[in-house]
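S.K.: Below, each chain spelled out in residue letters.
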Amino acid sequence: MKRRTFLQGTLSASAAGLAAGAGLLTPGAVMADSHGGGDMAAAFKLDNYDAAMEAIGAKDAAESGDIKIKAPEIAENGAVVPVTVSTEMEGVTQIAMLVAANPTPLAAVFNMGEGAQAMASTRLKMGKTSDMVAVVKAGDKSFTAKQEIKVTIGGCGG
Amino acid sequence: MAIKLKAKEKKGVLQIKALMNHPMETGQRKDSKGEKIPAHYISDVVIQVNDKDAITANWGASISKNPYLSVSAAGKKGDKVKLSWTDNKGESDSTEAEAK
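Taken in order, these protein sequences are the chains called L and E.
If you count the first sequence from 1, position 67 lands on 480 in the working numbering, and the numbers rise without skipping.
If you count the second sequence from 1, position 85 lands on 70 in the working numbering, and the numbers rise without skipping.
Because the hints were derived from the structure by calculation, they are not lab data.
Here the structure is a predicted model, which is why all the values come from computation and not from measurement.
Heads up, a few of these hints could be off.
With a straight-line cut-off of 30 angstroms between C-alpha atoms, the simulated BS3-like cross-links for lysine-lysine are [unchecked claim]: (1) L:K481 - E:K85; (2) E:K(-9) - E:K62; (3) E:K18 - L:K483; (4) E:K85 - E:K(-9); (5) E:K(-7) - L:K483; (6) L:K563 - E:K(-7); (7) L:K541 - E:K50; (8) E:K37 - L:K481; (9) L:K483 - E:K21; (10) L:K541 - E:K2.
Make the full structure from the sequences, and use the hints.
M.R.: This is the structure in structure tokens:
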């Protein structure tokens, strides 16, 4: 991650934090430099939602109504929560899925190559009730949307 | 280990669906002796259409056991669709299907 975009992200995150509410995008969260690189494997091991968002370059992502999340409002079994993220946006290169309250929030990053449609569907584990966050990268901008999924039985205890 | 892969053409778009057999251990669970079960999950998935990368994915341990995946990419009947995965222990598997 470039330092400049990182700084811009910090500024806009303060504004986005107000809009998003609920302290999801906490301004001034601790962000270690080591998380800024393009090391995807490391991003998946981060145990902090803000750090994970930053690692995928979505710290300054704007909320968008053009991202469709198809997921249950209540998941009876947190071990298997079907989620589909799609968008009509042009030039989508990446779709990421995060479960904000999971021990490692980053769940999946789909990179859309030539001919790929801006849609990805999979099944996620959720330890407890949480926001499921979708991040769509289109052009050089990131957009985000989220949906709360209530979990009645956790998926991380086995 | 096994992968089920299906690709169906509809109006020039391949609907690709896959089901992989994998434990997808998070590294958070403990076994009956109270010892942590090491993390073991698919970290990379590559989907190719006619030998060209269409979609690649990076996954973490939050993906459910025996992962399901559905994506779509441009294509036509008879196209060769290939899915390969690699997990965090370096194990891998792949399979091919013809688009219908």
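S.K.: Tell me the hint numbers this structure goes against, listed in increasing order.
M.R.: 3, 6, 9
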